[in-house]
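**Q** The numbering used here applies: residue 5 is where the sequence shown begins, and numbers increase by one.
Derived from the structure by calculation, the hints contain no laboratory data. Ideal placement from N, C-alpha and C gives every residue a C-beta, glycine not left out. Treat the hints loosely; a few may be bogus.
[Stated by the list, open to error] Have a look at the derived ranges for each label pair, beta carbon to beta carbon:
| no. | residue 1 | residue 2 | range |
| --- | --- | --- | --- |
| 1 | Asp65 | Gly135 | 25 to 31 Å |
| 2 | His103 | Leu139 | 18 to 24 Å |
| 3 | Pro164 | Ala54 | 29 to 35 Å |
| 4 | Asn13 | Leu139 | 26 to 32 Å |
| 5 | Ile32 | Ala64 | 27 to 33 Å |
| 6 | Leu45 | Val113 | 26 to 32 Å |
| 7 | His11 | Pro125 | 28 to 34 Å |
| 8 | Ala38 | Pro6 | 28 to 34 Å |
| 9 | Met5 | Pro35 | 26 to 32 Å |
| 10 | Pro89 | Asp140 | 29 to 35 Å |
| 11 | Val113 | Glu155 | 29 to 35 Å |
| 12 | Gly49 | Gly95 | 24 to 30 Å |
| 13 | Arg110 | Glu41 | 32 to 38 Å |
| 14 | Gly143 | Asn13 | 26 to 32 Å |
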Amino acid sequence: MPIRTAHVNELTALQDIERAAGICFRDIGMPEIADDEPLTLGELGRYQQAAMAWVSVDGADAPVAYLIADRVDGNLHVEQVSVHPDHAHRGIGRSLLEHLAGLATREGVPALTLTTFTEVPWNAPYYARCGFRLLDDGGLTPGLREIRARESEHGLDRWPRVCMRRDV
5 MPIRTAHVNE
15 LTALQDIERA
25 AGICFRDIGM
35 PEIADDEPLT
45 LGELGRYQQA
55 AMAWVSVDGA
65 DAPVAYLIAD
75 RVDGNLHVEQ
85 VSVHPDHAHR
95 GIGRSLLEHL
105 AGLATREGVP
115 ALTLTTFTEV
125 PWNAPYYARC
135 GFRLLDDGGL
145 TPGLREIRAR
155 ESEHGLDRWP
165 RVCMRRDV
């Protein structure tokens, strides 16, 4: 599926994609994650305005998945990648990650980073298959430490989480 920059009029669709993708967390005993609201339109708008939001679109040019990223300590940090369940298991998430890796390569950025749940099959195990490796505490940059602290404040440490890195 084609990947392009997200348009400002698609931000509510990104929220809908995240809500739909989050439902599967309920099935594995993480209802708090399933019920967690997506980023606000204002927050998503900042990614869109910074050209750090991409969508994978269907034949009608409607978003079915998205990825947003930040620049953290000289790397590109995957803030969120979500695929609508109706389009899951087709390599769309991996394509979005490859799109970001291509940007990193073009810009001379050394790596992609992300934080994720360790025990959710479509999280850390999936990212490992996509070339990411676990970072121990010694490998965390100041920006990643700050992200993990915010996640902890948000209650995400109730479940095991890690930082991961993929060199490009």
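**Q** Are the hints correct? Go through all of them and say.
**A** Evaluation of the provided hints:
Our hint of 25 to 31 Å for Asp65 and Gly135 holds, since their Cβ atoms are close to 29 Å apart. Checked against the hint of 18 to 24 Å, the C-beta distance between His103 and Leu139 comes to roughly 23 Å, which is consistent with it. A hinted range of 29 to 35 Å for the beta carbons of Pro164 and Ala54 is consistent with their spacing of about 31 Å. Separation of Asn13 from Leu139 is about 37 Å and departs from the stated range, judged on CB atoms against 26 to 32 Å.
Against the hinted window of 27 to 33 Å, the Cβ-Cβ separation of Ile32 and Ala64 comes to about 32 Å, which satisfies the hint. Distance hint for Leu45 and Val113: a CB-CB separation of about 28 Å, consistent with the stated range 26 to 32 Å. Distance hint check for His11 and Pro125: the Cβ-Cβ separation is about 32 Å, which falls inside the suggested range of 28 to 34 Å. In this structure the supplied range 28 to 34 Å holds for Ala38 paired with Pro6, their Cβ-Cβ distance being about 29 Å.
For Met5 paired with Pro35, a C-beta distance near 30 Å keeps the hint of 26 to 32 Å intact. Distance hint for Pro89 and Asp140: a CB-CB separation of about 33 Å, consistent with the stated range 29 to 35 Å. With their beta carbons about 22 Å apart, Val113 and Glu155 fall outside the hinted range of 29 to 35 Å. A hinted range of 24 to 30 Å for the beta carbons of Gly49 and Gly95 is consistent with their spacing of about 28 Å.
Roughly 34 Å separates the CB atoms of Arg110 and Glu41, a value that falls within the hinted 32 to 38 Å. For Gly143 paired with Asn13, a C-beta distance near 39 Å fails the hint of 26 to 32 Å.
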